[in-house]
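Chemist: As they're listed, the protein sequences go chains L and B. Position 243, counted from 1, in the first sequence is what the working numbering calls 243; the numbers after and before it change by one each time, with no gaps. Position 153, counted from 1, in the second sequence is what the working numbering calls 153; the numbers after and before it change by one each time, with no gaps.
The set of hints was computed from the structure by calculation and includes no laboratory data. Misleading hints may appear alongside valid ones.
Some chain B residues near chain L, calculated using beta-carbon distances under 8 angstroms [said to hold, decoys possible]:
1) Y33
2) T62
3) E65
4) N92
5) R433
6) N447
7) P493
8) G498
9) N499
10) L505
11) A506
Pulled from the structure, derived: some chain L residues nowhere near chain B, Cβ distances all over 12 angstroms [to be verified]:
12) L62
13) F82
14) T88
15) A129
16) H132
17) V165
18) K308
19) D340
20) E368
For every residue, glycine included, the Cβ atom is placed at its ideal position computed from N, Cα and C.
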Amino acid sequence: MKKLVLLAVFALATVVTYAGGYRVSLQGQKALAMGHAGVAVVNSAESVFFNPAGLVYLENKLSISAGVSGVFSTVAYQNETFGTYAETDNPVSTPLYFYASYQATDWLALGLGVYTPYGSTVEYEDDWAGSHLVNNIDLQAIFIQGTVSVKVNDKFSVGGGPIYVTGAVNFNRNLSRSLTDLEGNRSEVTIDATGVTNWGWTAGFMFNPTDNLRIGANYRSEIILEAEEGDADFQNVPNSPLTPFVDTQFDAALPLPAELTVGLSYEFCEKWMFAFDYNRAFWDVYESLSIDFANPQVPDSENLRNYKNSSSYRFGLEYKATDMFTLRAGYYFDETPVRDGYFAPETPRNDSNGYTAGLTVNVGEHFEIDASFLYLHFKEVDASYDFYFDQGVQAPFRGTYKSSAFVPGLGVSYKL
Amino acid sequence: MKNTINICLGLLAIGFVSCEPEFDNPVNEEGFYDSGSADFSNYVAVGNSLTAGFADGALYITGQENSYPNIMAGQFEFAGGGEFTQPLVNDNLGGLLLNGTQIADNRFVLSVGPDGNRAPVLLDGEPTTEVTNGPTGPFNNMGIPGAKSFHLLAAGYGNAAGILSGAANPYYARIATSTSATVLADAASQSPSFFSLWIGNNDILSYATSGGAGVDQTGEFDPTTYGPNDITDPNVFASVYSEEVNALAAGASGGVLINIPDITSIPYFTTVPTQAIPLDAATAAAVNAQFAQYNTQVLPLLVGAGIITQEEAAARMINFSAGQNFPILTDDDLTDVTQILIAQGIPDETAALLGQLRQANNNDLIVLPASSVLGTLADPNNPLSVIGVAVPLSDNFVLTSVEQGRVATASAAYNATIQGIATANDLAFVDARAALRQVAQGGVSYNGGVLTSAFATGGAFSLDGVHPTPRGYAYTANIIIDAINAKYNATIPKVEIGNYATITLANNAPTQ
Chain L
1 MKKLVLLAVF
11 ALATVVTYAG
21 GYRVSLQGQK
31 ALAMGHAGVA
41 VVNSAESVFF
51 NPAGLVYLEN
61 KLSISAGVSG
71 VFSTVAYQNE
81 TFGTYAETDN
91 PVSTPLYFYA
101 SYQATDWLAL
111 GLGVYTPYGS
121 TVEYEDDWAG
131 SHLVNNIDLQ
141 AIFIQGTVSV
151 KVNDKFSVGG
161 GPIYVTGAVN
171 FNRNLSRSLT
181 DLEGNRSEVT
191 IDATGVTNWG
201 WTAGFMFNPT
211 DNLRIGANYR
221 SEIILEAEEG
231 DADFQNVPNS
241 PLTPFVDTQF
251 DAALPLPAEL
261 TVGLSYEFCE
271 KWMFAFDYNR
281 AFWDVYESLS
291 IDFANPQVPD
301 SENLRNYKNS
311 SSYRFGLEYK
321 ATDMFTLRAG
331 YYFDETPVRD
341 GYFAPETPRN
351 DSNGYTAGLT
361 VNVGEHFEID
371 ASFLYLHFKE
381 VDASYDFYFD
391 QGVQAPFRGT
401 YKSSAFVPGL
411 GVSYKL
Chain B
1 MKNTINICLG
11 LLAIGFVSCE
21 PEFDNPVNEE
31 GFYDSGSADF
41 SNYVAVGNSL
51 TAGFADGALY
61 ITGQENSYPN
71 IMAGQFEFAG
81 GGEFTQPLVN
91 DNLGGLLLNG
101 TQIADNRFVL
111 SVGPDGNRAP
121 VLLDGEPTTE
131 VTNGPTGPFN
141 NMGIPGAKSF
151 HLLAAGYGNA
161 AGILSGAANP
171 YYARIATSTS
181 ATVLADAASQ
191 SPSFFSLWIG
201 NNDILSYATS
211 GGAGVDQTGE
221 FDPTTYGPND
231 ITDPNVFASV
241 YSEEVNALAA
251 GASGGVLINI
261 PDITSIPYFT
271 TVPTQAIPLD
281 AATAAAVNAQ
291 FAQYNTQVLP
301 LLVGAGIITQ
311 EEAAARMINF
321 SAGQNFPILT
331 DDDLTDVTQI
341 LIAQGIPDET
351 AALLGQLRQA
361 NNNDLIVLPA
371 SSVLGTLADP
381 NNPLSVIGVA
391 VPLSDNFVLT
401 SVEQGRVATA
411 SAAYNATIQG
421 IATANDLAFV
431 DARAALRQVA
441 QGGVSYNGGV
451 LTSAFATGGA
461 FSLDGVHPTP
471 RGYAYTANII
481 IDAINAKYNA
491 TIPKVEIGNY
501 ATITLANNAP
511 TQ
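Just chain L, same shape as in the assembly:
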């Protein structure tokens, strides 16, 4: 048990990866196996995340779901004109979730959730062709959510609660395409901020027009992570007044955009259930990554992102094969929030197709084991980031990218 706790702590510390922008859609093995659709599904405490309004329809006094995924992701880059090639060596990240729901009365359920819906870990080889944009980045955000779910009647419920976010970011890149010290070491900067916190909220409703059909909607608010007085560490800078880069502090704001989900689930032929979710992520809040250095001599860094709002379409199917086994499969299409010409290698995301599958095994009366597998496929894409400026002159960074991710996940559900 102690081992398990340690593992959990470790997992939280290395949170992360995947989906449009730096959104990571791995918030429940049952839902993930169905294309990460769940806003209108009521089957476990995963509803703390997907739609708190559904919790009050859970049949058990206490429901707990916890799980972890292993994200194996790789981004490959190449440029045919120059023969340059790079492949990320991302550490395996292990996003994790924990949800609990307690049926206080017939009409009221209370819940708690800890999950990691945003994050990114991308590690290129140092000094690769795009090192003036990013060498490596590690972005983490842990959401802690208190939840209340209220049944208005058998057909309608609402739910929601406050979210506390604590985040951290570590980002390294070279100062320019060619600046070095006298020994030829590339000049670089690392910015690091931890314990960046803020508050947000979530709210949803569920409507059950018939015994077989549920309709749900959920909204999670935008949360801006405002790093203040983070550390900026400059390395290999020439000793010259013309390169006034000295270690200093920085302020930066990273938005975790709001997300609206609507969807339905439909049970049919007794053993089958179909689910559909539509997500709208309000990425347009991410206009630029602006790093404001405290030392006035150090030029601030403005990196245009200009993201657009994006949609995901999620489809899932569940089949209760036996009392022992429940099988699931799903598919989703995840639209990129990145516009043409803004394709920055620190979040190299074009449109992706996610293929999912999974199963639940009943182990005794109280326990279920949930397994899922996600294969996320990105088409090969020719893309460029056009808003890098070399001493005032626009210097686009172009190339061909191809990414993929494999995400096996394991979880447990407990019912009392």
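Given chain L, put chain B in place with the hints provided.
Modeler: Chain B in isolation, oriented as in the chain L frame:
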């Protein structure tokens, strides 16, 4: 059970590995780029300082790493290119030691003074590259800084005992296989599968950078009689160049010959303006008064006596005015009238001053080092000894139009030879002269900027005003790759020159 788990884990691992993202046409897969009919498995580069990666007045490690042959070899690796070895020096200071005594300066860096002025200064530090303790080759990069065309064939050019007398070259002495070896033999003995040869620049460059202090040896066929700043006879050049190409091409799948750029368009000659002397009206009038007798009496007398022509007299007139002025200078192509003036009773000192005196004009080129001399006092205690106004700028600071003509004539002859030999041997040919002209006249655009030959700011030339920056060398590598691709039907990719550095910024630590 345990076995089953192991098998499952194994299958899972294979699944992950085999599902790494793979491009439809990966650039790092064999066959994406093609070497055509060339074989780059053993590329040997022969030449002078340009081939070595010399920059900022010195040879240092990062400069060598950015030599055009090393950049090219990196791209050749996409199509069968082999390892490319270079005789790296010991540090990034660049100075040379001969038996512990420094014989070559450290590199220049761009320093910012307390007044905000930017100027090249020598980088402080004790150099560690000892000529007599060099690395052992063979080296694919056989670029020897300072080498002229005929030096590549000179036995003893790598004998350290001959360095101080000028008979040998310290850069070659570091790496020569024996005291009697030749650069060409050391290169050819590596049996290159492909070669490049860029030699001949120094056969005119040292004459030009010394302001024409040497002798134009056209007509003199024995290069062992040449001084260091002389112009090599074009027939001598043709003869040694042909021998060099024959030796390198024997057994090679191909090669590339690079011609001699117009050196008068490099920053060493274009940075200091000819009208460099600012004077106010009163000072100009006072100086003119000093030269009034020379202008109105001495010069007409010399014409009348048939010693100089009317045309030369006109060229020798001195006239300052308010504003920017041409400096006065000594021109050794003028008739030397010193003794005649002494015979006329003019004091020795004045006669010597006037002996080959004229004022600069728009056809002169003033060399970069003159910037630290012009306008200063020849005699610190004499405020009237301003160089360029009262004291002539010495001949070695000015490349006159006559001297430029000699350089142009010789380099045109060399270039005719190079192109002819390239054609005769069916080798790739690079018109570096045209490429540099493009840089010097308007510049060359690249992703994120324009490469020009402006000193310090243009990006192409290092702080010695002669040798390229890494970015300049990368541009050079690209134009050579173009020529190779065209000649051998190869598809070697070029490099993104914006990723290569330009001049180095550094202030020396303040002395305590």
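Chemist: All the hints need checking, so say for each whether the structure fits it.
Modeler: Okay, the hints, checked on the actual structure:
Annotation: Y33/B was flagged as interfacial toward chain L, and the flag holds, the nearest CB pair being 7 angstroms apart, inside 8 angstroms. Interface hint at T62/B: satisfied, since its Cβ lies 4 angstroms from the closest Cβ of chain L, which is below the 8 angstroms cut-off. For E65/B, the suggested interface contact is upheld, since its CB lies about 7 angstroms from the closest CB of chain L, less than 8 angstroms. Because the beta carbon of N92/B sits about 5 angstroms from the nearest beta carbon in chain L, less than 8 angstroms, this interface hint is met.
A hinted interface residue such as R433/B counts as satisfied when its beta carbon comes closer than 8 angstroms to some beta carbon of chain L; here the least separation is about 26 angstroms, so the hint is violated. With a least beta-carbon distance of about 5 angstroms to chain L, the hint placing N447/B at the interface is held under the 8 angstroms criterion. With 8 angstroms as the threshold, the beta carbon of P493/B comes within range of chain L, its nearest partner Cβ sitting at about 4 angstroms, so the hint holds. About 5 angstroms separates the beta-carbon of G498/B from the nearest beta-carbon of chain L, less than 8 angstroms, and the hint is met.
The beta carbon of N499/B is positioned within 8 angstroms of a beta carbon in chain L (closest approach about 5 angstroms), and the interface hint is therefore held. Because the closest C-beta pair between L505/B and chain L is about 4 angstroms apart, less than 8 angstroms, the hint holds. Contact between A506/B and chain L, as hinted, is supported at the beta carbon level, the nearest pair being about 5 angstroms apart and thus within 8 angstroms. Non-interface call for L62/L relative to chain B: holds, since the shortest CB-CB distance, roughly 33 angstroms, exceeds 12 angstroms.
Interface exclusion of F82/L from chain B breaks down, the closest Cβ pair being 5 angstroms apart, not more than 12 angstroms. Its beta-carbon lying about 10 angstroms from the closest one in chain B, T88/L breaks the requirement of being farther than 12 angstroms from that chain. A Cβ of chain B approaches the Cβ of A129/L within 12 angstroms, the least distance being about 7 angstroms, so the stated non-interface status is violated. For H132/L, the shortest C-beta to C-beta distance to chain B comes to about 8 angstroms, within the 12 angstroms cut-off, and the non-interface label is violated.
No Cβ of chain B comes within 12 angstroms of the Cβ of V165/L; the nearest lies about 31 angstroms off, and the non-interface call holds. Even its closest Cβ contact with chain B, about 25 angstroms, leaves K308/L beyond 12 angstroms, as expected for a residue assigned away from the interface. With a minimum CB-CB distance of about 18 angstroms to chain B, D340/L clears the 12 angstroms threshold, and the non-interface call stands. Listed as outside the interface, E368/L is consistent with that label: its C-beta sits roughly 21 angstroms from the nearest C-beta of chain B, beyond the 12 angstroms cut-off.
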